[in-house]
Amino acid sequence: MIPITLEVNGRPIEARVEPRQHLADFLREEMLLTATHLGCEHGVCGACTVLIDGAPARSCIAFPAMLDGARITTVEGLADDAVAGELREAFMDEHGLQCGFCTPGMLVMARDIVLRRPQADDDVIRHELAGNLCRCTGYVGIIRAIRKVAAGREAAVVTRGTVLTPPSYASPLSLPLSPAGRTPVDPPASAIALPAELSPDATPDDEPLHNPVELGESFEVPAPRATVWALFQSPEQVIACLPGARLTAPSDGRSLAAEMVVKLGPMQAAFGGTGRIVADPASWSGVIDGRGVDSRSATQLRARLAYRLDEAGEAPREATRVTVEVAYVMQGPLAQMSRGAIARDLAARLTQSFAANLAAHLKGEAPVAANASLDAGALAWSVVKGWLARLFGRG
Amino acid sequence: MKAARFDYRRPATVAEAVAALVEDGAAKPVAGGQSLGPMLNLRLARPSTLVDVAKIPGLRRVEERADGVLYGAAITHAEFEDGVVPDPTPGFLARIAHGIAYRAVRNRGTVGGSLVHADPAADWPTTLTALGARVALAGPSGTRELALEDFLLGAFSTALEDGEIVTGVFVPRCSAGARFGYRKSCRKVGEFAEAMCAVLADDVRGVHRLVIGATEGRHIVVTEAKGVLADPRLLDERLASAGLAADPSTLRLHRKVISQAIEALNSESLPA
Ligand SMILES: Cc1cc2nc3c(=O)[nH]c(=O)nc-3n(C[C@H](O)[C@H](O)[C@H](O)COP(=O)(O)OP(=O)(O)OC[C@H]3O[C@@H](n4cnc5c(N)ncnc54)[C@H](O)[C@@H]3O)c2cc1C
Ligand code: FES
Ligand code: FES
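So the sequences go chain by chain: A and B.
Just so we're aligned: 382 in numbering that gives the first Met the number 0 is position 383 of the first sequence, and the numbers increase by one with no gaps anywhere.
Just so we're aligned: 219 in numbering that gives the first Met the number 0 is position 220 of the second sequence, and the numbers increase by one with no gaps anywhere.
Please keep in mind that the hints were generated in silico from the structure rather than gathered at the bench.
Heads up, a few of these hints could be off.
Okay, the calculated bits of chain A under chain B, using three or more residues with CB under 8 Å as the criterion [as the list claims (entries may be wrong)]:
1. 8–19
2. 56–62
3. 116–129
Only part of the chain B face toward chain A is listed, based on derived beta-carbon distances under 7 Å [claimed, not checked]:
4. Tyr7
5. Gly32
6. Pro37
7. Asp51
8. Tyr101
9. Ala103
10. Val188
11. Gly189
For every residue, glycine included, the Cβ atom is placed at its ideal position computed from N, Cα and C.
Construct all of the structure, not just a fragment, from the sequences and the given hints.
This is the structure:
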């Protein structure tokens, strides 16, 4: 694995990459930027065209390992670009797309053409666009759209080396929230500050998660802080609160071996792996992190759960505010199939039902989604039940 | 398809790059990756390690001399096209670069990579041979220089020795009145050519060269080309011995492209 830094759509990214992973796969699988399409995967069709340091390039034959320090712009990153905006409108007006498969590459290339070749006529456009194939439109609409935008431009611009303004909005569904190794742009108020020796970066066997998906949940449970703390120190009980999860070996309290079944529509994965538990009683906080692999799909999962307990409520009705932050990185086939919204949604619901189960457990009730694997139905039910449990638990 | 696993190294100097190649005989240099990338993805090439030469300062250097310009091997097609490097010819290099592949490929593909890939149908090998260019090489036993026609040994084969890299290519200065004719026949813009011919006529220097590319093997290089420029039929024998005359339509295509390149000497000689 090669460590690299990149700027993707204006965001600094640190990653460790396999040299053979090409840029399009990196963008799609690690960054969840799925607008970049792959057609031929050997440089011919242009579907994968992105901007590298301002100039168009094939992302299927560019390798992030060789791009250390480069600025990458995908079509998502052109959201606020004025020229791309004009082109999007022109493509719509002129019927410049049909199925849309070639369109991201077409737009990236079209932007370059109108900048470098203002006033371009049809011949010039056809020549410049020859490296982008379209199976649907017959090109006429695409060329009309580009001609329309080129006609309104005067001075030629050399795009090589230009810096683009990053988009003001980055979808949290498609882009991991915070680049690894950096503080999030907007640190959440509830951020759990861990003593340095507890920070996951400090432990030797684990590199930090790179570009993880991050989720937070904060909730109150009707139990004294010491009781909740005790529960968090017991891997058996924590695992019991995670839908679909079970310990595969007794835990010594510092490490654990577990399995977790996740169902997503027709897809099912059973992640088996190991984790490590660190706790700091002084700050009432701790971290459980682990890694696992689904043996069927070879999908790899690395996750970190950080928690902090704060006192809430007053004697005799003591309560504890639990703040949980989950960060995970999934790589492999399942990440590809369940990317973006679905995977995030699943993780969010997992975190929610964990919270609900925890509340139920502390009241001596059975977990609301005990060891049922996590599928959409069970989840909805667990969320509703958790909500009810919390509602009445307090009343 | 996806590339098979390989390691990656980015040496800082030419000497380090050579050392890395000597150390591992299955390693390969990579520059723009525009020929190697497709071969890796198709698993036609499975190097153990890629030694990245694209950013080595010595390969990014351009040195203007009285008798010509030495270009670092890692200068890209787009940099030639945009004229950001000096040109010792009356504008020929930018014109040639503009006709290579597509802009997205030209932004990354390098002149050195193109010469080492040595595709007989590629643009730089044929045109730079016509311009009388020389390649600069560095290897475990030092540096050397070769005329391009001695470097290009045939389809995808060069005189590059183990552990050697191309550091640059020297293009001799043409006189202001030099004329250049270049034609290639492609099924589609950016596709590799089925026939190609480049001609240089520099009367002031007394240089007349004609090179035929898109052959099945070595380029056909005519260094004293005054005669064939006047009568292209004199080339028929060389076309035949290069195996290009067996199929009548192939022969006709090559002949046509040759005569068009020669005619272009007059119509396109002046810098636009
Ligand atoms: C879709 C497409 C269309 C194309 N069309 C054309 C075309 O019309 N005309 C044309 O001429 N070309 C065309 N090409 C090829 C393109 O020009 C390549 O850029 C060029 O051939 C290789 O340059 P590179 O820097 O990318 O080399 P790489 O792909 O990095 O390397 C190519 C070969 O050269 C070796 N190498 C690279 N640099 C050095 C060095 N300094 N010393 C020693 N060995 C080195 C590598 O080991 C490898 O064997 C096309 C490519 C694509 C993908
Ligand atoms: S997928 Fe990259 S050019 Fe076709
Ligand atoms: S719109 Fe379908 S491939 Fe171009």
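Against the structure, the hints come out as follows:
| no. | hint | result |
| --- | --- | --- |
| 1 | 8–19 | holds (count 3) |
| 2 | 56–62 | holds (count 6) |
| 3 | 116–129 | holds (count 4) |
| 4 | Tyr7 | holds (4 Å) |
| 5 | Gly32 | holds (6 Å) |
| 6 | Pro37 | holds (4 Å) |
| 7 | Asp51 | holds (6 Å) |
| 8 | Tyr101 | holds (3 Å) |
| 9 | Ala103 | holds (4 Å) |
| 10 | Val188 | holds (4 Å) |
| 11 | Gly189 | holds (5 Å) |
Comparing the model with each numbered hint stated earlier shows that all of them hold.
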